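Peer 1: Could you slot chain B onto chain A? The hints should help.
Protein chains: 2
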Amino acid sequence: MKVQACHKVESNAVEMEGAEGCRVRWLVGEADGAPNFAMRQFEIAPGGHTPRHSHPYEHEVYVLEGAGVVVDGDAERPLTAGDVVFVAPDDVHQFRNSGAQTMKFLCLIPNSAAGKKVTVAPECGVEQGSK
Amino acid sequence: MKVQACHKVESNAVEMEGAEGCRVRWLVGEADGAPNFAMRQFEIAPGGHTPRHSHPYEHEVYVLEGAGVVVDGDAERPLTAGDVVFVAPDDVHQFRNSGAQTMKFLCLIPNSAAGKKVTVAPECGVEQGSK
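These protein sequences, in sequence, are chains A and B.
Counting from 1, one number per residue, gives the positions in the first sequence under our numbering.
Counting from 1001, one number per residue, gives the positions in the second sequence under our numbering.
Just to be clear, a hint being listed does not mean it is correct.
Here are the simulated SDA-like pairs of lysine to any residue, each with C-alpha atoms no more than 20 Å apart in a straight line [said to hold, decoys possible]:
id	chain 1	residue 1	chain 2	residue 2
1	A	117	B	1036
2	B	1002	A	2
3	A	104	A	36
4	B	1002	A	35
5	A	2	B	1082
6	A	8	B	1009
7	A	104	A	45
8	A	2	B	1107
9	B	1002	A	45
10	A	2	B	1057
11	A	104	B	1081
12	B	1008	B	1107
13	B	1002	A	7
14	A	8	A	117
15	A	104	B	1040
What the simulated footprint calls covered on chain A by chain B, stretch by stretch (three residues with Cβ under 8 Å from a Cβ of chain B suffice, anywhere in the stretch; the number is not a length) [what the hints assert, rightly or not]:
id	segment
16	2 to 12
17	99 to 105
Hint data in this document are derived by calculation from the structure and do not stem from the laboratory.
These numbers were taken from a predicted model, which means no experiment stands behind them.
Note that CB positions come from ideal geometry on N, CA and C, so glycine has one too.
In isolation and in its complexed conformation, chain A is listed as follows (with noise of 0.2 Å):
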């Protein structure tokens, strides 16, 4: 068994194209031996966001500090803690921070994504009003 507190996880900036103040600290994954599926957690700067993108595994969410929306397609629905998102599979998705404050969430993705293809979809839906 495995008992930690997550700020003292390691924290590391998204490096991925098309995101922007993510950190993300990987709390449960293949190194504790976890045969199926990994938990991160994410830490979005107020303006910042994840890509958007979508990938042929799912995302279980659970939004703990902060507020925020995330991008379903090309709509935008809100997002504050206590919420839970299901994306599945092939979603486009993008996790943005409209607050002040950090926003902070779990987001939990199966083993079978290592090495899966990634592929982010271009901004033009949410920045220049084309919905």
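Peer 2: Chain B only, in chain A's frame:
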């Protein structure tokens, strides 16, 4: 994509042998099309606990609110909000609320847990001081 406030998800008493003061919400699962794993939220009343038990699948746990312990075999390890726990397959474990407030945590399991045998362990290691 599913987005939902978790307090709006149905909460049910945990009826399993050895559980006391526990309620569960299934936030994401196979009913949502989740292909690999399920996210549940547990609430344990002050003095309450999950069964002391083991099973051949893992838990990935994140403590949201409150304070308690996780029984790890015959040892107790303190827990507070922001702690993460990886319970490996076949680890004997129990979550106990030792605080004055409701203890709330996420507990994720693989879909393959369905139908797997759960073994309830005796409480003597904790309650009779025979550590």
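Peer 1: Decide if the proposed pair is consistent with the structure: residue 8(A) and residue 1009(B), CA atoms, cutoff 20 Å inclusive.
Peer 2: Not OK: residue 8(A) and residue 1009(B) at ~31 Å, beyond 20 Å, violated.
Peer 1: Has the given pair, residue 1002(B) with residue 7(A), been kept, meaning a C-alpha gap of at most 20 Å?
Peer 2: This hinted pair is violated, its Cα atoms lying about 28 Å apart.
Peer 1: What's the verdict on residue 104(A) and residue 36(A), does the C-alpha distance respect the 20 Å limit or exceed it?
Peer 2: violated, 23 Å
Peer 1: Checking one constraint from the list: CA of residue 8(A) to CA of residue 117(A), max 20 Å. Satisfied?
Peer 2: violated, 30 Å
Peer 1: Hint check: residue 1002(B) vs residue 35(A), CA-CA at most 20 Å. Holds or violated?
Peer 2: The hint is violated at about 25 Å.
Peer 1: Taking 20 Å as the top limit, are the C-alpha atoms of residue 1002(B) and residue 45(A) close enough?
Peer 2: violated, 24 Å
Peer 1: Keeping to a limit of 20 Å between CA atoms, is the pair of residue 104(A) and residue 45(A) held or broken?
Peer 2: Satisfied, since the Cα-Cα distance of roughly 9 Å is no more than 20 Å.
Peer 1: Assess, step by step, whether the Cα of residue 1002(B) is no farther than 20 Å from the Cα of residue 2(A), and give holds or violated.
Peer 2: violated, 30 Å
Peer 1: Verify the proposed pairing of residue 104(A) with residue 1081(B), using a straight-line Cα cut of 20 Å.
Peer 2: holds, 14 Å
Peer 1: Does the segment 2 to 12 of chain A contain three or more residues whose Cβ lies closer than 8 Å to a Cβ of chain B?
Peer 2: With 7 residues closer than 8 Å to chain B, the segment 2 to 12 of chain A meets the three-residue bar; holds.
Peer 1: Next pair to validate is residue 2(A) with residue 1082(B); report whether the Cα-Cα distance is within 20 Å.
Peer 2: holds, 14 Å
Peer 1: Keeping to a limit of 20 Å between CA atoms, is the pair of residue 117(A) and residue 1036(B) held or broken?
Peer 2: Since the Cα atoms of residue 117(A) and residue 1036(B) sit roughly 18 Å apart, the hinted pair holds (cutoff 20 Å).
Of the numbered hints listed earlier, those contradicted by the structure are 2, 3, 4, 6, 9, 13, 14 and 17.
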